[in-house]
Amino acid sequence: MNRRDFLKNTAMVLGGLSLPLTAFKILTPKEIFASTGDKAKTRWVFLVDTYKCVGCGMCVKACKLENEIPYDANVTRTWVERYVITKEGKTFADTPKGARDGFTTSKIDLGEGKFQDIKKDDIDKAFFVPKLCNQCENPPCVQVCPVGATYQTDDGIVLVDRKWCIGCGYCIMGCPYGVRFFHPVYHTAEKCNFCYHRITKGLKTACVLACPFGARQIGNIKDPNDPVTKVIMTERVGILKEEYGTKPQVYYLGLDREVK
Amino acid sequence: MKSHIYRPLLVVAGLVCIILMARFFYVPKDFGVHGRGYMYGWYREDNIKFWEDFKVKYQGTEYCKDCHSDKYESIMTTPHAIIPCEDCHGPAVDHPSEPPKLAIDKSRGLCLRCHSSLPYPTSGRSQIRGIDPETHNPDVECVMCHNPHKPSLEGLK
Numbered sequence: 042m043n044r045r046d047f048l049k050n051t052a053m054v055l056g057g058l059s060l061p062l063t064a065f066k067i068l069t070p071k072e073i074f075a076s077t078g079d080k081a082k083t084r085w086v087f088l089v090d091t092y093k094c095v096g097c098g099m100c101v102k103a104c105k106l107e108n109e110i111p112y113d114a115n116v117t118r119t120w121v122e123r124y125v126i127t128k129e130g131k132t133f134a135d136t137p138k139g140a141r142d143g144f145t146t147s148k149i150d151l152g153e154g155k156f157q158d159i160k161k162d163d164i165d166k167a168f169f170v171p172k173l174c175n176q177c178e179n180p181p182c183v184q185v186c187p188v189g190a191t192y193q194t195d196d197g198i199v200l201v202d203r204k205w206c207i208g209c210g211y212c213i214m215g216c217p218y219g220v221r222f223f224h225p226v227y228h229t230a231e232k233c234n235f236c237y238h239r240i241t242k243g244l245k246t247a248c249v250l251a252c253p254f255g256a257r258q259i260g261n262i263k264d265p266n267d268p269v270t271k272v273i274m275t276e277r278v279g280i281l282k283e284e285y286g287t288k289p290q291v292y293y294l295g296l297d298r299e300v301k
Numbered sequence: 065m066k067s068h069i070y071r072p073l074l075v076v077a078g079l080v081c082i083i084l085m086a087r088f089f090y091v092p093k094d095f096g097v098h099g100r101g102y103m104y105g106w107y108r109e110d111n112i113k114f115w116e117d118f119k120v121k122y123q124g125t126e127y128c129k130d131c132h133s134d135k136y137e138s139i140m141t142t143p144h145a146i147i148p149c150e151d152c153h154g155p156a157v158d159h160p161s162e163p164p165k166l167a168i169d170k171s172r173g174l175c176l177r178c179h180s181s182l183p184y185p186t187s188g189r190s191q192i193r194g195i196d197p198e199t200h201n202p203d204v205e206c207v208m209c210h211n212p213h214k215p216s217l218e219g220l221k
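Here the protein sequences line up with chains A and B, keeping their order.
Residue numbering for the first sequence follows my numbering, starting at 42 and increasing by one per position.
Residue numbering for the second sequence follows my numbering, starting at 65 and increasing by one per position.
What the hints contain is simulated information worked out from the structure, not anything from laboratory work.
Please note that a few of the clues may not be correct.
What the hints assert, rightly or not - Here are the simulated DSSO-like cross-link-like pairs (lysine-lysine), alpha carbons at most 27 Å apart as the crow flies: (1) A:Lys148 / B:Lys170; (2) A:Lys148 / A:Lys131; (3) A:Lys128 / A:Lys166; (4) A:Lys138 / A:Lys282; (5) B:Lys119 / A:Lys204; (6) A:Lys204 / B:Lys170; (7) A:Lys93 / A:Lys128; (8) A:Lys131 / A:Lys245; (9) B:Lys119 / B:Lys165; (10) B:Lys113 / A:Lys138; (11) A:Lys245 / B:Lys135; (12) B:Lys170 / A:Lys245; (13) B:Lys113 / A:Lys242; (14) B:Lys119 / A:Lys82; (15) B:Lys135 / A:Lys138; (16) B:Lys93 / A:Lys204; (17) A:Lys161 / A:Lys138.
From a predicted model like this one, the values you see are computed outputs, not experimental measurements.
So that you can see chain A by itself, here it is in the shape it has in the complex:
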């Protein structure tokens, strides 16, 4: 090996090594906020305050009625999970019917018709966590679609083209958050789209509107005066499954490590 080859190879190896490092970088809200590369003036984000949620499930009911998801089918675009952590360190989680009818009993639904009641004195902490589509900055569900039936708009919302979807279900498998399902009527992939028909008209999403406690909020992270942007920038917020690198855009206040 002569000196020219040695220098060439060294430069190549260094270049190759530095590439993956940037690829693994996790985008912070500030960076998304500051990104001026694209011309979009809007980037929709969501803020959930789990301290305020009481598990009434009005959001789930409103979502189903607003977005024409068959009411009695056991599928929903948004749902509320209940977490009960006992003094023994056991974690129980359930979401009967996606909390469409709220949580009216202290009995935890274990599935297969089994229920477990947990006594008040055994509870260490217990709370509710609303879930919905994270409108990821790197949506894996969009990457796997073979026909271009699901895509991300310039303002960050992942939509499904019902006319184009062939129902292969790759996206349903690809979503790490389990947000997608088959629509029982159209037999195409279905998901939460932050009520795209409402937010583009300046309205709040149906779930935000229906929540009496202000546990759910929607905002535009590119607007520095947006109250949601201010909370995300200045308070301690968490996101779900950060390790997947999907860069989810639903931020949570009061997230616990038991929440997956």
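Since chain A is already given, all that's left is putting chain B on it; use the hints.
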């Protein structure tokens, strides 16, 4: 070239031409790479309009308060002021033209969504006055005694 080679080749070439022509007519003009690039932005642009034009059903309390100002003002003085009208009365859609009358949910289940007592120390739920649905007058609708627009015990009918 021998005919047993070029004849199948011709068939294949013909098939490719037919497929390409079918594709040309079948794939709409607005299908292609858009804003977010090939990986996330490969779609039919017309579909955005489909989702934007989806019917709005929940109109919000502001929509109700002008015609039903008496109800609005009375509930605003109670702890139930935070509950949007449509949570109990159902989505307004185009009311009063369609539907002319909204079906009110007066079921026990609706009240229990918040008022079934759950002793969860780290949730707002524990701060709401609650009952045990199994012992507190089961089989009777809540609205028999409680007025949802005036829910405190002083407001008993």
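So, going through the hints one by one against the coordinates:
1. A:Lys148 / B:Lys170: holds (24 Å)
2. A:Lys148 / A:Lys131: holds (15 Å)
3. A:Lys128 / A:Lys166: holds (8 Å)
4. A:Lys138 / A:Lys282: This hinted pair holds, its Cα atoms lying about 23 Å apart.
5. B:Lys119 / A:Lys204: Measuring from Cα to Cα gives roughly 18 Å; hence the hint holds.
6. A:Lys204 / B:Lys170: violated (39 Å)
7. A:Lys93 / A:Lys128: Answer holds: Lys93 (chain A) to Lys128 (chain A) is near 23 Å, not above 27 Å.
8. A:Lys131 / A:Lys245: violated (37 Å)
9. B:Lys119 / B:Lys165: Measuring from Cα to Cα gives roughly 19 Å; hence the hint holds.
10. B:Lys113 / A:Lys138: Cα-Cα ~31 Å, so violated.
11. A:Lys245 / B:Lys135: Holds, at about 23 Å.
12. B:Lys170 / A:Lys245: holds (26 Å)
13. B:Lys113 / A:Lys242: holds (12 Å)
14. B:Lys119 / A:Lys82: Cα-Cα ~25 Å, so holds.
15. B:Lys135 / A:Lys138: Given that 27 Å is the threshold and the Cα spacing comes to 32 Å, the pair is violated.
16. B:Lys93 / A:Lys204: Cα-Cα ~15 Å, so holds.
17. A:Lys161 / A:Lys138: OK: Lys161 (chain A) and Lys138 (chain A) at ~24 Å, within 27 Å.
Checked against the numbered hints given earlier, the structure breaks hints 6, 8, 10 and 15 and satisfies all the rest.
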